[in-house]
Amino acid sequence: MTDHTRAAAVAPEILDVNGVSVALSGRQILDNVSFTVNAGEFTGLIGPNGAGKTTLLRVILGLQRPAGGRVAILGRPRSPRNQPVGYVPQKVLLDPDLPMRARDLVALGMDGHRYGMRLRPGQHRQAVREMLHAVDADRFADARVGNLSGGEQQRVLIAHALISRPRLLLLDEPLANLDLRSGQEIISLLARIAREQQIAVLLSAHEMNPLLPVMDRIIYLAGGRAASGPTAEVVRPEVLSSLYGYPIDVLHVHGRVLVVTGPATGDEAALAAGRAAEAG
Amino acid sequence: MHQIWTSVFEPGFFASAQVHVAAVIGGAVAIVSAVTGVFTVMRGQSFGGHALGDVSAAGGSGALLIGLSPVAGFVGLGIAGAGVMDMIGVRRVRGRDLATGIVLGAAIGLSALFLYLGTTSGATTGATQQILFGSIFTTTNGTIAVVVILGAISLVSIAAICRPLLLSTVSPDIAAARGVQVRLVGLLYMLALAVSVGLSSLAIGAILSTALLIGPAAAALRLTSRVAWALVIACLLGVLATWLGVLLAYDSYYWGPGHQGLPVSFFIVTAIFATYLASGLPAVWAARRRPAAMPITGAGERRRTAA
Numbered sequence: 001m002t003d004h005t006r007a008a009a010v011a012p013e014i015l016d017v018n019g020v021s022v023a024l025s026g027r028q029i030l031d032n033v034s035f036t037v038n039a040g041e042f043t044g045l046i047g048p049n050g051a052g053k054t055t056l057l058r059v060i061l062g063l064q065r066p067a068g069g070r071v072a073i074l075g076r077p078r079s080p081r082n083q084p085v086g087y088v089p090q091k092v093l094l095d096p097d098l099p100m101r102a103r104d105l106v107a108l109g110m111d112g113h114r115y116g117m118r119l120r121p122g123q124h125r126q127a128v129r130e131m132l133h134a135v136d137a138d139r140f141a142d143a144r145v146g147n148l149s150g151g152e153q154q155r156v157l158i159a160h161a162l163i164s165r166p167r168l169l170l171l172d173e174p175l176a177n178l179d180l181r182s183g184q185e186i187i188s189l190l191a192r193i194a195r196e197q198q199i200a201v202l203l204s205a206h207e208m209n210p211l212l213p214v215m216d217r218i219i220y221l222a223g224g225r226a227a228s229g230p231t232a233e234v235v236r237p238e239v240l241s242s243l244y245g246y247p248i249d250v251l252h253v254h255g256r257v258l259v260v261t262g263p264a265t266g267d268e269a270a271l272a273a274g275r276a277a278e279a280g
Numbered sequence: 001m002h003q004i005w006t007s008v009f010e011p012g013f014f015a016s017a018q019v020h021v022a023a024v025i026g027g028a029v030a031i032v033s034a035v036t037g038v039f040t041v042m043r044g045q046s047f048g049g050h051a052l053g054d055v056s057a058a059g060g061s062g063a064l065l066i067g068l069s070p071v072a073g074f075v076g077l078g079i080a081g082a083g084v085m086d087m088i089g090v091r092r093v094r095g096r097d098l099a100t101g102i103v104l105g106a107a108i109g110l111s112a113l114f115l116y117l118g119t120t121s122g123a124t125t126g127a128t129q130q131i132l133f134g135s136i137f138t139t140t141n142g143t144i145a146v147v148v149i150l151g152a153i154s155l156v157s158i159a160a161i162c163r164p165l166l167l168s169t170v171s172p173d174i175a176a177a178r179g180v181q182v183r184l185v186g187l188l189y190m191l192a193l194a195v196s197v198g199l200s201s202l203a204i205g206a207i208l209s210t211a212l213l214i215g216p217a218a219a220a221l222r223l224t225s226r227v228a229w230a231l232v233i234a235c236l237l238g239v240l241a242t243w244l245g246v247l248l249a250y251d252s253y254y255w256g257p258g259h260q261g262l263p264v265s266f267f268i269v270t271a272i273f274a275t276y277l278a279s280g281l282p283a284v285w286a287a288r289r290r291p292a293a294m295p296i297t298g299a300g301e302r303r304r305t306a307a
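Which chain is which? The protein sequence lines are A and B, in order. All the letters of the first sequence, read from the start, carry residue numbers 1 to 280 under the working numbering. All the letters of the second sequence, read from the start, carry residue numbers 1 to 307 under the working numbering.
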């Protein structure tokens, strides 16, 4: 609680999602979801597959119209154009045939949405160099993006998203398809950027454990509903049980958090213990 | 020296009005095809480009049948075909092949009908040859202006949308999030592509237009890691292959005793094919010089210092 109040007092509010609901082809995807995200904070958007994480990010980006509720970015209703939001989508496949160096892709983050040709081709050179350095990508700046590893491509995409100086950075499952070590590197990079540049980072993942060391706040999404706050307050059996709509237990094992069905009696207890052992 | 010169350029090559028209139209068409081709290859829409060639064939043969200029048919129906393909679902990768195949099938059916009617009515002898395999040596001076203007329109459209087009090629999601109207940009690109394919149908024929669209662009993408360089290299390769084809076709008239020239489109397409094969050589050489250490580095990455 103290964590939360301190952060809210110091950091300005960047994103305010208020009562957002979305229904796609008759199915309720998001149901009255509300939370805020603050500058300089690392927020994890956690939930099982199909919980609506991507849909929620698309609503924030203005790509999906909500059936109800409002999204405000820096106090203004979001608009699809010129919003101060950087975005790294899920599963971007950079083709090896794409004739583009890492630095070209980052430069495209500056003005790729503008019509007409770039009038002064070298105009972003300095900004691009600084951005590549900030994400620790100097050594492959001149390599073809399609030939880079998954972790290297993530760094380039993050630089691409950050070069237009957004206040809010959204990342959709950036850890999927990354090996554990690359994933850890990306997470600590993002945590550093959030603090140094006072950017609000909102990152979606189906697994919260890799994020625990850096996550300031969590938004837990399940069954279309969300609970948000400091991790210790949200990841509790009572909160998650009410989200999922059935009994949920939270186990702490060696500093990691396991979310399992429970708390249980009789056969269910054995089942939950079995699952915990399996997952651990 | 003089002898070599005259054996390469047979008598009258530089004085021939036909050669002048062919060189100008061929060069203009090669540039437009190369520029649209680079984006076509990057976006993986080669099949779409080929289908637009078949749509052009239907348009050109239909235009001949009712007494219009084939250019009007090539470009006109090509644009309509691009619109239909976009409507059916060329945007989604999964819907793309389907939409393309449906339009392609319908177009070839129409071509078959129009070319049959044209041949049996007898009014347009050689229509099949002209539509399918091009007419760069038989086009008139008056067509140059039409080709140049349409080509310029296609190039200006591509220039206007080049950055959003590139961004939506990298990732439609990122582009949409930046406020790019991905669908509109994709449609504009398809229309520019339709014009480009229509023009190369005129020059080297509807069913060979794919070669000029894809060949120089694909070769250029193997040689460089920069879009701007890829565009320049593709234009150079396309123009050179086209001019070489025109030269060889002209010379072929003097090769045999029968004085029967060989088709220009054959020479152009062969030159493009050879260019594409040759574009793989730098990568082969570099791989040989650097044994097994870095097998994944791209061809363009190595060439970059040379460029």
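What the hints contain is simulated information worked out from the structure, not anything from laboratory work. This structure is a prediction, so every number in the text was calculated from the model and none was measured. Even for Gly, the Cβ is constructed at its ideal location relative to N, Cα and C. Please note that the accuracy of each hint is not assured.
Said to hold, decoys possible - Label pairs and their in silico Cβ distance ranges:
1. A:Arg114 with B:Gly44: 22 to 30 Å
2. B:Arg289 with A:Glu207: 43 to 51 Å
3. A:Gly122 with B:Gln260: 50 to 58 Å
4. A:Leu93 with B:Arg289: 26 to 34 Å
5. A:Ser25 with B:Ile88: 15 to 23 Å
6. A:Val253 with B:Phe47: 20 to 28 Å
7. B:Tyr253 with A:Gln126: 57 to 65 Å
8. A:Leu93 with B:Gly258: 48 to 56 Å
Claimed, not checked - Here's a subset of chain B near chain A, in silico, CB distances under 7 Å, partners left out:
9. Val84
10. Ile88
11. Cys162
12. Arg163
13. Ser171
14. Ala177
15. Gly179
16. Arg226
Unchecked claim - Computed list of chain A residues with no C-beta within reach of chain B, every gap over 10 Å:
17. Gln90
18. His160
19. Val214
- Message: Going through the numbered hints above, which ones does this structure break? Give me the numbers in ascending order.
- Response: Those not satisfied are hints 6, 9, 10, 17 and 18.
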